[in-house]
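**Q** One letter stands for each residue in the lines below.
2 protein chains.
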Amino acid sequence: MARVKVFVYPKKGVLDPQGKTVESALHTLGYKKASNVRIGKYIEMELPDGDNKKMVDEMCRKLLVNSVIEDYHFEVAA
Amino acid sequence: MARVKVFVYPKKGVLDPQGKTVESALHTLGYKKASNVRIGKYIEMELPDGDNKKMVDEMCRKLLVNSVIEDYHFEVAA
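Heads up: the protein sequence lines correspond to chains A and B, in order.
Going by our numbering, the first sequence opens with residue 24, and the numbers climb by one from there.
Going by our numbering, the second sequence opens with residue 24, and the numbers climb by one from there.
Treat the hints as calculated values from the structure; they're not laboratory data.
A portion of the hints provided could be inaccurate.
Same chains, same names: a pair is fine if it fits in one copy or spans any two.
[What the hints assert, rightly or not] The list that follows gives simulated cross-link-like pairs (lysine-lysine, DSBU-like), each with its CA atoms no further than 30 Å apart: (1) 77 with 55; (2) 43 with 56; (3) 55 with 85; (4) 34 with 64; (5) 56 with 85; (6) 43 with 76; (7) 43 with 28; (8) 76 with 64; (9) 76 with 56; (10) 28 with 85; (11) 55 with 43; (12) 56 with 35.
Working from the sequences, and respecting the hints, build out all of it.
**A** As structure tokens, this is what we get:
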């Protein structure tokens, strides 16, 4: 089984209200130096062994990622 | 600036309805072999250089992670 990890995150320049909220919560808790907090998705899945990269990229473009506002990268580990 | 990446995901054994939904959507799209899809959060932030690991761990336990149902790990890169 190949273990796939997909990381999806807001594009640079796209507002991330969830990140802003967490950032101000961190400041309130005393972690004043935390900056540029951005929140995305971390998707794990299993696929049969083999060359899965093209398929995973397709999955990202078709379903997992909104390419208007999000960027992504992924890792495939045996 | 140190770049921090935090990965938060549902614990083993905890139901992940969002993951199940995405899994069945992938099957509908023809990717029948995708299994064990789990969806978590991917949080990026910046902190001043220095030994931040203890602080990031504290942030996770206090705010970013619900330790009843979620596990996490993080990376601090210069």
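**Q** Could you run down the list of hints and mark each one as holding or not?
**A** Comparing the hints with the structure gives:
Taking identical chains as interchangeable, the C-alpha atoms of residue 77 and residue 55 lie at most 30 Å apart only when they sit on different chains, with a minimum of 15 Å there against 42 Å within one chain. When the C-alpha separation of residue 43 and residue 56 is checked against a cutoff of 30 Å, the pair qualifies only within one copy, where the shortest distance is 14 Å, while the shortest distance between copies is 37 Å. For the identical chains of this complex, residue 55 and residue 85 are inter-copy neighbours only, at 15 Å across copies versus 39 Å inside a copy, given an alpha-carbon limit of 30 Å. In this assembly of identical chains, residue 34 and residue 64 lie within 30 Å of each other by CA distance both inside one copy and across copies; the values are 13 Å within and 16 Å between.
When the C-alpha separation of residue 56 and residue 85 is checked against a cutoff of 30 Å, the pair qualifies only between copies, where the shortest distance is 16 Å, while the shortest distance within a copy is 37 Å. For the homomeric pair residue 43 and residue 76, the shortest alpha-carbon distance between copies (22 Å) is at most 30 Å, but the shortest distance inside one copy (33 Å) is not. For the identical chains of this complex, residue 43 and residue 28 are neighbours both inside a copy (25 Å) and across copies (16 Å), given an alpha-carbon limit of 30 Å. Taking the shortest Cα distances, residue 76 and residue 64 sit within 30 Å of each other both inside one copy (19 Å) and across copies (22 Å).
Proximity of residue 76 to residue 56 under the C-alpha cut-off of 30 Å is restricted to the inter-copy arrangement: shortest distance 14 Å between copies versus 38 Å within a copy. Taking CA atoms no more than 30 Å apart as the test, residue 28 paired with residue 85 passes in both settings, with 16 Å inside one copy and 26 Å between copies. In this homomeric assembly, residue 55 and residue 43 come within 30 Å of each other (Cα to Cα) only inside a single copy, at 13 Å, whereas the closest approach across copies is 37 Å. Only within a single protomer do residue 56 and residue 35 lie at most 30 Å apart by alpha-carbon distance; the minimum there is 20 Å, versus 33 Å between protomers.
Against the hints set out earlier in the document, no violation occurs for any number.
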